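**Q** Using the sequences and the accompanying hints, generate a full structural model.
Respectively, the protein sequence lines represent chains A and B.
Each residue of the first sequence is one higher than the one before, counting from 1 in the working numbering.
Each residue of the second sequence is one higher than the one before, counting from 1001 in the working numbering.
Hints are computed from structural coordinates only; laboratory data are not their basis.
Keep in mind that the hints are not guaranteed to be accurate.
Below, a list of computed lysine-lysine pairs in the DSSO-like style, where the Cα atoms sit at most 27 Å apart [said to hold, decoys possible]:
1) Lys-100(A) to Lys-245(A)
2) Lys-1436(B) to Lys-100(A)
3) Lys-182(A) to Lys-110(A)
4) Lys-1029(B) to Lys-1016(B)
5) Lys-1016(B) to Lys-100(A)
6) Lys-1436(B) to Lys-135(A)
7) Lys-50(A) to Lys-122(A)
8) Lys-182(A) to Lys-223(A)
9) Lys-110(A) to Lys-100(A)
10) Lys-50(A) to Lys-100(A)
11) Lys-108(A) to Lys-1436(B)
12) Lys-182(A) to Lys-221(A)
Not everything, but these chain B residues come out facing chain A in the computed CB check (under 8 Å) [unchecked claim]:
13) Ala-1383
14) Thr-1384
15) Gln-1387
16) Glu-1390
17) Thr-1391
18) Phe-1394
19) Gly-1400
20) Glu-1417
21) Val-1418
Here are a few chain B residues that sit away from chain A, every Cβ distance over 10 Å (derived from the structure) [as the list claims (entries may be wrong)]:
22) Leu-1113
23) Thr-1135
24) Ile-1261
25) His-1306
26) Tyr-1365
27) Glu-1371
28) Ile-1385
29) Gln-1392
30) Gln-1397
31) Ile-1401
Predicted model, so just to flag it, every value in this text is computed and none were measured.
Note that beta-carbon positions come from the ideal geometry of N, C-alpha and C, so glycine has one too.
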Amino acid sequence: MLHINNLQVNVEDQEILKGINLQVQAGEVHAIMGPNGSGKSTLAAVLAGKPGYTVTGGSINFRGQDLLALAPEERATAGLFLAFQYPVEIPGVSNVNFLKTAINQIRKAKGQQPLDAVAFLKLLKDKADLVHMDKEMLHRSVNEGFSGGEKKRNEILQMAILEPALAILDETDSGLDIDALKIVAHGVNQLRKPDNATIIITHYQRLLDFIVPDFVHVLYKGKIIKSGTKELAKELEIRGYDWLKQANV
Amino acid sequence: MHLTTASRQLQEALTKHIATLSGTYCWEKTQRQAHSYFQKLGLPSAKTEGYKYTPITNVLSEKFDLSNPSAQIDASHSLTNNYIKPFLHQLSDVYAITVIDGEINNTSLHSPLPQSLFHVSSFTEAYQKYQNIFTEHFSQDISNNLDTLAILNTALFTNGTFIYIPDNTRLDKPLCIYHFTDSTTQQKTTYPRVLIYVGKNSQISLINNWHTMGAYDGFTNAVTDILVGEHSQLDHYTLQIQAGNAYQVNTIHCYQASHSIVNNYTFSWDGLLIRNNLYTDMQGPHAQVNMYGIYCPSQTQHIDNHTTVNHQHPNTESNQLYKGILSGKATGVFNGKIFVQSEAQKTNAFQTNNNILLSDEATIYTKPQLEIWADDVKCSHGATIGQLDETQLFYLQARGIPENLARHMLLHAFADEVISKVPLVSLLDYLRENFKPGY
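**A** Next comes the structure, spelled out in C-alpha cells:
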C-alpha cells in the first residue's frame, strides 16, 4: 500500500529526514517511535502534503500513485488520512458542515453519489457513538473550545467517517488521560480492517498497549535505526532510547 | 475636465440652482445654508483629513458633471420595467419602493403599499401633511456635519423620498427601497435624498438597496436621514451587492431618541468606488446602536467606511463590528470615530475591525478615533489585519476539501460572524448566496 524509498526531506535548508525506507501492506499496523526531534512528525507532515517541507530525494508510492505529486486534498481522496497532533480550531465552520463537505468530496473522488442530509446524519450519529462524541459538539465550530481529549476524539471521528485506506496517527496519545486514551484506541481498533493500514507515531509505548502493532520502527536523527515486532516497543520501554542511540552514534 | 474648471462650474451651477429655489419648502433655507458651507469647503482636497485615503475628487471631476442633478436633465428615464424587474425579485416578501435617479417612481411593478400602515411619497407630496416633521428636521444645525459631499447633496437635491412610520407600528415585512442610478445612455450624477421618520414604540426593518444600471458610470451622492422615536427599533440595511458601475458616497445620519435601538448593517461587495458615512447621534439616554459591516473589494475596487457615533446622553451603548476581505489591487478604508460627551456617563462603546488581505497588492487603512470626555464609561477598540490562516487551510485540504473550496469555507466563516446576525431569513439566504469574496 505504502512504499517509502530513501526519503530525504529538508526544512529550511536543514536536513531532517535522511533516507527513510518503509513498506506498509494492507491489514498492517506500524508503530514509528523515537525521541523528540527525530523526525517523526516531519514524516507525518510530508506524507499528508503539508507546505513548508522540501523533498530533496527519494520517492513515496501510495496505492500505485506517486504520492509526492499529489495536492493534500488529492492524497486525502486517494485514501490517506492524517490524525493531527495539534488539531486546528476553525471558528465559524461547523463540525457537521465540515464533515459533510469532506465525506462528499471523498465520495465524489470514488465516483459515488453525495450523501443526502438524512443519510449523512445517520452515519454521523453511528460514528459519533464510537468515540463518545456529544451531539452538541458536532454542531459547534470545528475544534473550537474543545479540550485536548475532545480534539483527539474528533480526529478519530473524522477517520471513522472518511474510512481511509491508510491512517497516520501523529502523537494521538499526547495529552490524553487514560480514559480518553482508551476511547481513542477503541475507536481505532474498531476501524481496523484487512484492507486498511495504520501508522502510529508515538513517543511512548503506552498507546501500543491498546493498539497492538505488527511492526515497530525506531526513528532517530532522520533514519530508521531499528525495526522489529511489538516486542521492540516493550524493550524500548525498559531500556530507553539511549540503548539504541549509543549503538548509532 | 480640469479640476479647477470642474470646481468653478460646480460652484456656478450651485449658485444658479439656489437662485431657482421658490421659497415654498422649509428645506430650502437649509439648502442655502449648505450652499454657503460648500462655497467655503469645496470638494475634498488632498488635505481633507476625511478623504485622505479616498481621493475622490480627481475621479469625480474627470468622469462626471457634478453640476447636473439628474432630475433637471432627464425626466423620462430610459430604464424600462424589464430592466428593473429582475432586481425587484431578489428579495421576496418586502414592501418594495422604487427610486430612479433620486425620484420616487410609482411603478406598477410591485403591489401597492398599505398606506394606512405607513406613508411613502416624495418630499413635495408629503410636505403639506408632514410639515412639522420637515420643519423640525431641517432646522437641525448642519454645521457639525462637515462631510462636504453630504453638504453638496443638501444644497443640490431637488426632491426626496419620505417615509413616515406612525407610533406603535409593527410591520410584517421589511420596507425595501430599490435605488437605481440610470446610466444606460450616459454618465450620470444623482443626488438621492431620503428622510425616514419612525414614531414611538414602533419596530421596522428597512433596506436601502443600491444599483447603478447601465454601461456608463454613475455617481450617486446620497443622503439618508433617519429619525428614530422613543422605544422604537429600526433594523436598517445598506446593500451594495449588485451595485454595478457605481461611484457612490452614501451618507446615513441616524438621530436616535431615548430607549431606541438601531441595528445598522452595511454590505459593500460591489461597485467601483464606495464611500459610506454612517453617523449616529444619540439624542436621548438609553439609546443603543449596533453597526455591522462586511466589505470585500476585489480587483481595483475601493470601499471606504467612515462611522461616527456621538454619545451625548448617559447610558447609551454602541457596538461596531466591521470585517473586510480584500483581494487583487483593492483598497479598503475603515475609520471609526466615537465621541463620548461629558454628560454621557455610563456609556458603553465598543469597536472592532478585522481584515483579511488575500493579495500582496491589496491595501487596508484602518483607524479608530475615540474622544472620551466622560469618566465613567466602558470603551474599547481593536483592529486586526491578517491573511487567511494557512494551518486552517491545510487542515481542510487534508480532509479532501479542494483548496478553492477550503478558502471559500474559511472566508465564509470569517464573514458569517457578521452575516449570521441578520434576522431576516430571506435576506440572510440572499446574502449567503451572493457572498463570493476574492473573485
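**Q** Decide, hint by hint, whether the structure agrees.
**A** Structure-based check of all given hints:
Between Lys-100(A) and Lys-245(A) the alpha-carbon distance is near 46 Å, which puts this suggested pair outside the 27 Å criterion. A C-alpha spacing of about 21 Å is found between Lys-1436(B) and Lys-100(A), which places the hinted pair at or below 27 Å, so the restraint holds. A C-alpha spacing of about 32 Å is found between Lys-182(A) and Lys-110(A), which places the hinted pair above 27 Å, so the restraint is violated. Pair hint Lys-1029(B) plus Lys-1016(B) holds up; C-alpha atoms about 15 Å apart against a cutoff of 27 Å.
Taking the CA atoms of Lys-1016(B) and Lys-100(A), the gap is about 65 Å. The hint is violated against a cut of 27 Å. With a C-alpha separation of about 31 Å, the suggested pairing of Lys-1436(B) with Lys-135(A) is violated against the 27 Å cut-off. For the suggested pair Lys-50(A) and Lys-122(A), the alpha carbons sit about 32 Å apart, so the restraint of at most 27 Å is broken. Between Lys-182(A) and Lys-223(A) the alpha-carbon distance is near 30 Å, which puts this suggested pair outside the 27 Å criterion.
Pair hint Lys-110(A) plus Lys-100(A) holds up; C-alpha atoms about 15 Å apart against a cutoff of 27 Å. Restraint check for Lys-50(A) and Lys-100(A): the C-alpha separation of about 22 Å stays at or below 27 Å, so the hint holds. Of the supplied pair hints, the one linking Lys-108(A) and Lys-1436(B) holds, its CA atoms being roughly 23 Å apart against a limit of 27 Å. Under the criterion of a C-alpha separation no larger than 27 Å, the hint pairing Lys-182(A) with Lys-221(A) is inconsistent with the structure, at around 31 Å.
The criterion of a C-beta within 8 Å of any C-beta in chain A is not met by Ala-1383(B), whose closest approach is roughly 18 Å, and the hint is violated. Violation of the interface hint for Thr-1384(B) is found here, the shortest Cβ-Cβ separation to chain A being roughly 13 Å, above the 8 Å cut-off. At its closest, the beta carbon of Gln-1387(B) sits 14 Å from a beta carbon of chain A; the interface hint therefore is violated under the 8 Å criterion. The criterion of a C-beta within 8 Å of any C-beta in chain A is met by Glu-1390(B), whose closest approach is roughly 7 Å, and the hint holds.
The beta carbon of Thr-1391(B) is positioned within 8 Å of a beta carbon in chain A (closest approach about 5 Å), and the interface hint is therefore held. Of the supplied interface hints, the one on Phe-1394(B) holds, with its beta-carbon coming within about 6 Å of a beta-carbon of chain A, less than 8 Å. Interface hint status for Gly-1400(B): upheld, as the beta-carbon distance to the closest one in chain A is roughly 4 Å, under 8 Å. With a least beta-carbon distance of about 6 Å to chain A, the hint placing Glu-1417(B) at the interface is held under the 8 Å criterion.
The beta carbon of Val-1418(B) comes no nearer than 10 Å to any beta carbon in chain A, farther than 8 Å, and the hint placing it at the interface is violated. Taking the minimum C-beta to C-beta distance to chain A, about 38 Å, the non-interface status of Leu-1113(B) holds against the 10 Å cut. Annotated as non-interface, Thr-1135(B) keeps its C-beta farther than 10 Å from every C-beta of chain A; the closest such distance is 48 Å. Look at Ile-1261(B): its CB is around 26 Å from the nearest CB on chain A, clear of 10 Å, so calling it non-interface holds up.
With a least CB separation of 27 Å from chain A, His-1306(B) remains clear of the 10 Å interface cut-off, as annotated. The Cβ of Tyr-1365(B) sits about 25 Å from the closest Cβ of chain A, beyond the 10 Å cut-off, so the non-interface label holds. In this structure Glu-1371(B) is separated from chain A by more than 10 Å, as the shortest Cβ-Cβ distance comes to about 32 Å. With a least beta-carbon separation of about 18 Å from chain A, Ile-1385(B) lies farther than 10 Å from that chain, consistent with its non-interface assignment.
For Gln-1392(B), the condition that its CB be more than 10 Å from all CB atoms of chain A is violated, with the nearest at approximately 5 Å. Not every beta carbon of chain A lies more than 10 Å from that of Gln-1397(B), the smallest distance being close to 4 Å; the non-interface claim is violated. With a closest Cβ-Cβ approach of about 6 Å to chain A, Ile-1401(B) is found to fall inside the 10 Å limit, against its non-interface label.
Of the numbered hints stated above, those contradicted by the structure are hints 1, 3, 5, 6, 7, 8, 12, 13, 14, 15, 21, 29, 30, 31, listed in ascending order.
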